[in-house]
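Fit chain G to the supplied structure of chain V, relying on the hints for placement.
Listed in order, the protein sequences are those of chains V and G. Take the first sequence: its letters are residues 70 to 378, numbered as in my numbering. Take the second sequence: its letters are residues 147 to 516, numbered as in my numbering.
Because the hints were derived from the structure by calculation, they are not lab data. Keep in mind the model is a prediction, meaning the values are calculated, not measured. Any given hint could turn out to be false.
[Claimed, not checked] Chain G is faced by these chain V residues, among others (derived, beta-carbon under 8 Å):
#1 116
#2 119
#3 200
#4 274
#5 277
#6 348
[Claimed, not checked] Stretch by stretch, here's where chain G covers chain V in the computed footprint (C-beta under 8 Å, at least three residues):
#7 123-133
#8 284-293
[To be verified] To spell it out: a stretch of chain G is covered by chain V in this simulated footprint if at least three of its residues, at any positions, have a beta carbon under 8 Å from a beta carbon of chain V; those stretches are:
#9 191-199
#10 287-297
#11 364-373
Even for Gly, the Cβ is constructed at its ideal location relative to N, Cα and C.
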Amino acid sequence: MAEVPAAVSGGWAPVAAGLLGTLAVAAALLDGALAGRAAGVRSGMGRSAGEVARLLRQRRRTTVAADRLLWRIGGAGLLVMALMIVTVVPLGRWTLFDLDVGVVWVNALDVLAWAFVWLTGWGANSAYALVGGYRFLAHGLAYELPLMFALVAPAVAASSLRVGEVAAAQQGLWFVVWMPVAFVVYCLGVVAIAVWGPFSPALGRDVAGGVTAELSGVDRLLFLAGRYALLAAGAAFAVPMFLGGGAGPLLPAWAWVLVKATVLLAGLVWLRRRVPALRPDVFMEVGWLVLLPAVLLQDLLVAVVVIGG
Amino acid sequence: MGVSGALARLATRHAHLLVIEVPGHWLTRVAVERQAGVRGWRLAVSPADADILAVCGSPGPELALVVANLWEQLPGPRARIDVAAPELVAAALDQAEATLRDTPRQRRDSAGRDGPGRDEAPGGDAALAHGSEDRDGLEMDVLHVRLGPVLPDWPAGLVLRTHLHGDLIVEAQAGVVDVGQGGLAGGAPVVGGDTSGEARRPDAGELAAQRCDNVARLLALAGWSDAAGLARAIRDHLLIGERSAATTELARLRRRVRRSWLLRWSLRRVGLLPSDELARLGLAPNLTGDVWDRLNGMLDRATIAAGGPAGVAARGPAGVAAGGPTGVAAGVPVTPPAAVASVVSGWDVATARLIVASLDIAALGVVTDG
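If we strip away everything but chain V, and leave its shape as in the complex, we get:
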C-alpha cells in the first residue's frame, strides 16, 4: 500500500520549480521538433533554443496608452500559476504543500488564467489583443464548469480533497479507467488554460497573434514559457488525480510520477498540430450541451459507486 505523501521543507521548492521547468523545456523541444518536421527543416530541436535567444536579444516594447502594470502582471502570471499548481502535486512520497483542500487549490488557480490571459490582451490597448482576450473568455465560459466538475469526480471517489489521498485511493484501479469522461474533460481544460492547440484562437493568426500581438522580447518569452509550464503542470496534476500517482512496477514512485506526466505532456503537445482550432462560439455549444451533462453524469456514477461500495 502506498502511504500518503509527507510534506517536505520549503527549501525543496527550487527543485520542484526545476522539475517543472525541465518538463516545460521538454515540451518546447518536442513542439519545436514536430513543427520542424512539418516544415521539413532539420534543426527542429534547436528551434526552441533559437527562439529563446531571439527573444532575449529582442527589445521590449510598449504601445500607446498601454496599461503597463496590468499588462506585465498578465504576461508573467501564467508562469506563476503553473509554479503554484505543482506545489500540491506529490512526487512519490514527497509533496511541498500537503494542503487538505489541494484539489480546490488547483481549481482556484486555474481560474486565474482568465485574469492573466485577459489582462495580457487588455493591457496592450490594441484592438487585436483585445479581441484575443474576448475569445479566451468565451472559451473559458465553456470549459471552466466542465473542468470543475471533472475535478470533483476523483475527489468524490477518494472522499478527500487532499491530493495525496486521492492518489493513494487509486491502488489497484486508476481513476482514468472508470472515469474516462472526467479525465478527457480535465485534459481539455488543461489544454484550454494553456491556450494551446484547439484552444488557441485567443492567439489566432487571424487577429495578428491576438493576446500576444503586441508582446516582444522578454515579455513574450515569459508568456510563452508560462503556456508550456501550465501544460506541464496540468499534466503533472493529472498523475495523482487520474493516473494512479506513483503506482507502478520496478521504478520508484517519484520516477513513475515523472514518466506518466511526461507521456501525457507529450500527447498534449502532439495534439496541437493535429487538430484545427475550436471556434469559441461553436465550442460554447459543446461545453454546455455535451461536456457539462457528460461530466455531471460521470460525477453521479462515481457518487453512486462510492455510496454503494
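For chain G alone, coordinates are given in the frame of chain V:
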C-alpha cells in the same frame, strides 16, 4: 562579445519575417515564404513578433505609409528588405541576415529610435479605439478597426474599415490600397494576381498553385497548421513544376480535409452564400454554399488546374467546377471589394476572416463606389 555574438548567431538563425505583399507580387511573396522556410525562419504574425520586414514589390504611396508605420513597430533588432522579384529573394534574405547579425549596427539603430531607450509604437492601435454607443439598450464600446492591408493570410491590398462591437463586425466598408497601381485583367483595372512581369495570363500550374495558397491560408486561419503546411508544400511543388508530386500530395490533402469532422463542424453553416446572392454581389457562381463547401471547391479547382490545360477540358464535369469562371481559359476571376465587405457584416472577426479566405480571391477589382 563572445556570448552576445553567439546569441546573435543563434537568434538570427531563427528569425521571424513579416511579409508584406504589394498587390500583384504574390509570386515574390511565395518565394520569400518558401526560402525563409528553408532557412528555418518563421513567418511573423504581427510587427511585435517580427525581426525582418520583407516588402514584396514596390509599394504605392498609401502602402508605403503603412509599411513605414509597421517598421517603427518592429521591436528590434530589425532589418528591412525590399524584394522586387522572385529571383532576388535569396540575396535579399542574405542581406537581412547580415543586418540582423550586426550587433553594433543594431545598437546604433536602437539608440537612434525615439524614446529614452524604450520605444513607443507610434500610431498603434490605440488611435483606433474610441467612442461608445448604445446597441440594443446595452452600453457598448464601438471600435473602429482597419483590417488589413497587412495581416497574416489576408488578401494583398485589401482594407476593411470595420465597426466592431466587441469582436462582432456590425459594419464594414472595403477599399484597396493604391488603387490605380494595379494591372489590367480582361480590360478592367484590378489589383492582385501577379503583374510583376508582363501582363500575361497565368499558366495552369500557377493557377493551381494560387488555389493551394488560398487553401493554405484558410486552413491556417482555421488553426490547422499541419494541413496548412501541406497545402503550402503543394503550392511550392506546383510552382517549380513538380506536377506529379503535387497531384499525389493534393489528393492526400483532399482526403485529410474531407475526413476531418472537426474542421467540417467548424466551417459548416458559416458564411452561407446562395447563388442569387453571389450574382447580386458580383462573385463567381462557384462560390455557393458555406465556407466548408468553398474550401472543397478550391481543392477541386486546384486539382483540375494541376491536371493541366487538357485535363480541364476533358475532366471538368459540371459537378466539379460548376460553371465557374475559374478555369484556365477564363483567366483570373476578379473579386469586387464591396462584395467582401458585404459578406463579412454581422459575423465576428474570426468567422469573417474564414469567410474572406474562402472566397478564393485571386485579384481584387477596383472600388468604384468609394
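Taking the hints in turn, this is what the structure says about them:
For residue 116/V, the suggested interface contact is upheld, since its CB lies about 6 Å from the closest CB of chain G, less than 8 Å. Interface hint at residue 119/V: satisfied, since its Cβ lies 3 Å from the closest Cβ of chain G, which is below the 8 Å cut-off. Interface restraint check for residue 200/V: the shortest CB-CB distance to chain G comes to about 4 Å, inside 8 Å, so the restraint holds. The beta carbon of residue 274/V comes within 5 Å of a beta carbon in chain G, closer than 8 Å, and the hint placing it at the interface holds.
Contact between residue 277/V and chain G, as hinted, is supported at the beta carbon level, the nearest pair being about 4 Å apart and thus within 8 Å. Restraint check, residue 348/V versus chain G: the minimum CB separation of about 5 Å is within 8 Å; hint holds. Beta-carbon proximity to chain G at under 8 Å applies to 10 residues in the segment 123-133 of chain V; the threshold of 3 is reached and the given coverage holds. Residue count for the segment 284-293 of chain V with a Cβ under 8 Å from a Cβ of chain G: 4. That meets the three needed, and the coverage hint holds.
Coverage of a stretch by a chain is defined here by at least three residues with a beta carbon nearer than 8 Å to that chain's beta carbons; for the segment 191-199 of chain G and chain V the count is 5, and the condition holds. Restraint check on the segment 287-297 of chain G versus chain V: 3 residues with Cβ-Cβ distances below 8 Å, three needed, restraint holds. Chain V is given as covering the segment 364-373 of chain G, and this holds because 9 residues of the stretch bring a CB closer than 8 Å to a CB of that chain, at least three being needed.
Going down the numbered hints, you'll see the structure goes against none, and every one checks out.
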